[in-house]
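There are 2 protein chains.
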Amino acid sequence: MIDDVVIIGGGAIGCAAALALARRGVQVRLIERAHLGAEASSAAAGILGAYAEAHDAGPLTQLCLRSLALYAAWSAGLVEETGIDVGYRPSGSMRVSFAKGPLDEQAHATFGVFGDDERALDAAAAHALEPQLAPDIAGALLFAKDCRIDPPALVSALAAAMERAGVVVMTGGVARITIENGRATGVTLESGDAVRAGTVVLTAGAWSLLEGSGITPLELWPIRGQMAELRTAGHVLGHVVFGPAAYLSPRDDGRLIVGSTQERAGYRKAVTVRGLRGLLDGAVALVPGLADAEIARTWSGLRPATPDGGPLLGAGATRGLVIATGHFRNGILLAPITGEVVTALVLGNAPPVDLGPFGVQRFARG
Amino acid sequence: MIDDVVIIGGGAIGCAAALALARRGVQVRLIERAHLGAEASSAAAGILGAYAEAHDAGPLTQLCLRSLALYAAWSAGLVEETGIDVGYRPSGSMRVSFAKGPLDEQAHATFGVFGDDERALDAAAAHALEPQLAPDIAGALLFAKDCRIDPPALVSALAAAMERAGVVVMTGGVARITIENGRATGVTLESGDAVRAGTVVLTAGAWSLLEGSGITPLELWPIRGQMAELRTAGHVLGHVVFGPAAYLSPRDDGRLIVGSTQERAGYRKAVTVRGLRGLLDGAVALVPGLADAEIARTWSGLRPATPDGGPLLGAGATRGLVIATGHFRNGILLAPITGEVVTALVLGNAPPVDLGPFGVQRFARG
Chain A
1 MIDDVVIIGG GAIGCAAALA LARRGVQVRL IERAHLGAEA SSAAAGILGA YAEAHDAGPL
61 TQLCLRSLAL YAAWSAGLVE ETGIDVGYRP SGSMRVSFAK GPLDEQAHAT FGVFGDDERA
121 LDAAAAHALE PQLAPDIAGA LLFAKDCRID PPALVSALAA AMERAGVVVM TGGVARITIE
181 NGRATGVTLE SGDAVRAGTV VLTAGAWSLL EGSGITPLEL WPIRGQMAEL RTAGHVLGHV
241 VFGPAAYLSP RDDGRLIVGS TQERAGYRKA VTVRGLRGLL DGAVALVPGL ADAEIARTWS
301 GLRPATPDGG PLLGAGATRG LVIATGHFRN GILLAPITGE VVTALVLGNA PPVDLGPFGV
361 QRFARG
Chain B
367 MIDDVVIIGG GAIGCAAALA LARRGVQVRL IERAHLGAEA SSAAAGILGA YAEAHDAGPL
427 TQLCLRSLAL YAAWSAGLVE ETGIDVGYRP SGSMRVSFAK GPLDEQAHAT FGVFGDDERA
487 LDAAAAHALE PQLAPDIAGA LLFAKDCRID PPALVSALAA AMERAGVVVM TGGVARITIE
547 NGRATGVTLE SGDAVRAGTV VLTAGAWSLL EGSGITPLEL WPIRGQMAEL RTAGHVLGHV
607 VFGPAAYLSP RDDGRLIVGS TQERAGYRKA VTVRGLRGLL DGAVALVPGL ADAEIARTWS
667 GLRPATPDGG PLLGAGATRG LVIATGHFRN GILLAPITGE VVTALVLGNA PPVDLGPFGV
727 QRFARG
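Protein chains in written order, with the working numbering: chain A, 1 to 366; chain B, 367 to 732.
Among these hints, one or two may not hold up.
Chain B stretches covered by chain A per the calculated footprint, using a threshold of three residues with CB under 8 angstroms from any CB of chain A [claimed, not checked]: (1) 529 to 541; (2) 649 to 660.
Every beta carbon over 12 angstroms from chain A, so not counted as near; a handful from chain B, in silico [claimed, not checked]: (3) 369; (4) 483; (5) 575; (6) 706; (7) 728.
Per label pair, the in silico range of CB-to-CB distance [unchecked claim]: (8) B:727 to A:152: 50 to 58 angstroms; (9) B:604 to A:113: 54 to 62 angstroms; (10) A:245 to B:425: 42 to 50 angstroms; (11) A:171 to B:560: 51 to 59 angstroms.
No lab work stands behind these hints, which were simulated from the structure alone. For clarity, every value in this text was computed on a predicted model and none was experimentally measured. Glycine included, C-beta positions come from ideal geometry on N, C-alpha and C.
Looking at chain A on its own, in the form it has when it is part of the complex (with noise of 0.2 angstroms):
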């Protein structure tokens, strides 16, 4: 029996979750505080990072590897079905380093992993694919299979899509998840009202700790990243460019997104005079010519983080309960697999990795 979903929270994770379900014909019903993709994702810079971004070849990567995998034919899909340009680009990522001697530490723990898909060049040869790099860069990896992707874009096409499938979309803040003989039946909402369900799926980010949820402060919290968006008169950049003090992730029409501090500050979202600092410095670091930049935004977002930096995925404590959030820095790149990580568990089939590494009760078992 295919249950009727609610699911509770409109960011990229909750959106590529309704669609997933809505096109399997599940009747979906999903609740946003404010609008889709109101907090993190809209926030985030669209790095599709999964090579540039791994620290290690264990499970996350893998799994962010997967999602990688899933994204071309996703927003191709996304792209044809609502007309609106996602931003999807190939464009390939470099982590760049300006030690001396050997490359920056991440680069040392993952240099080899990836083997072909990972190419170490020297300052000439990355000078050689982005000529607006600093003259005193050391060198630079290539991860030419990294991707990125406008999120705002994504999100927008995200619910035409939605909106062609079918799924309802409901404005209002969720109190509490309703559990009845120990099964999660739907939710209450701050208005008092109750949406009743087959299926709970909890998506709400750094908005998850919620009486029903299971989910405790030690297991996740948020994480701010400041950002700005740079406007430059001409091309600037073609691949992601991570440095030690910032990232950089292009626009086909000049702008530059610039992030991104992490700090532990609860729910205040703010820029402040510490954050845009680093982030301009490392910026200009980088690529000396943004100097010139416009800063024509900036902002802040809050990343849902968990102990071992990977997301709460699994079916929750209370039956009828499906939890898919804690994504942090991997929210957007993940929202492909995550949706049809959801999907199985809906449908009770089997997901289409191992989520024993994302097991919603993992920190509960030490």
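Starting from the known structure of chain A, arrange chain B on it as the hints suggest.
Chain B in isolation, oriented as in the chain A frame:
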């Protein structure tokens, strides 16, 4: 005979002139392209720094001191009449030096000019007045008579006072000053409408290069100033503080205005990476605790500069035209005295100060 007057430009200068004229019974129409204070006047930091900003004891400094002396009564009158707190505070200002030995260059240039109105402080004395100043400052000059004001509040109060005084504010762009038989007789709007008046007063700041004004781009040009508003948790400073790379103008509510770049960038308003980095670096160098401050807002304004830094103030080349523009960094400070000067010129009275050094034709003489 008291003519009716049309004033071009509703910044602090235009509003001050309009109010002064209307209070003398003159019928005033003020034409503003956007809204009152839309440009440099609301972009300003509101530093009434006649002492701290002096480069010498010449005529411009004397004009600034005259206007500063008017400010307490002028602003109190506005507050009383309108109920709007314009943020006038006799806070004093400090010019902080980091040089190990003597104080900074500008301090040298002016030190001794102001007698008892200027006092040299060693680092301990400066910290006693402003404990949040950086530990590594060498000392400061204290200018106890400098003040500060909140420019957007000032513009609001001027607007309310003008309305009470019967000034008619018209919204529209001015295409040119109408000249008939060698006399200014009004203005022609971009809409094609004509506004006739006995006297035309040009107070359009960086937008004063109008046909019929006689002002050339060699005599007046825009200098961009980038600014940031920081939000702090509590009291940071009382005095306005000038440092080598930035100044800080506090507000009672914990806000703090940081300024300012001085750039030739045509009429392109923008906040740039270089500009904002410089301001933030300069602010943190003065008050290290500002690293934790929130950046509430950034913006830029276009100040009308002239070859010698002084305003263009006096009768225009054409009869019936009075010019009061080019106030550069001193528009807010010079508003009260400029209102008096314009009123005297319109009414045919002797101006309250010698206008020779500020004459509109002074750059053509050589």
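Status of each hint after checking the structure:
no.: 1; hint: 529 to 541; in the structure: violated (count 0)
no.: 2; hint: 649 to 660; in the structure: holds (count 7)
no.: 3; hint: 369; in the structure: holds (45 angstroms)
no.: 4; hint: 483; in the structure: holds (33 angstroms)
no.: 5; hint: 575; in the structure: holds (25 angstroms)
no.: 6; hint: 706; in the structure: holds (40 angstroms)
no.: 7; hint: 728; in the structure: holds (35 angstroms)
no.: 8; hint: B:727 to A:152: 50 to 58 angstroms; in the structure: holds (55 angstroms)
no.: 9; hint: B:604 to A:113: 54 to 62 angstroms; in the structure: holds (57 angstroms)
no.: 10; hint: A:245 to B:425: 42 to 50 angstroms; in the structure: holds (49 angstroms)
no.: 11; hint: A:171 to B:560: 51 to 59 angstroms; in the structure: holds (52 angstroms)
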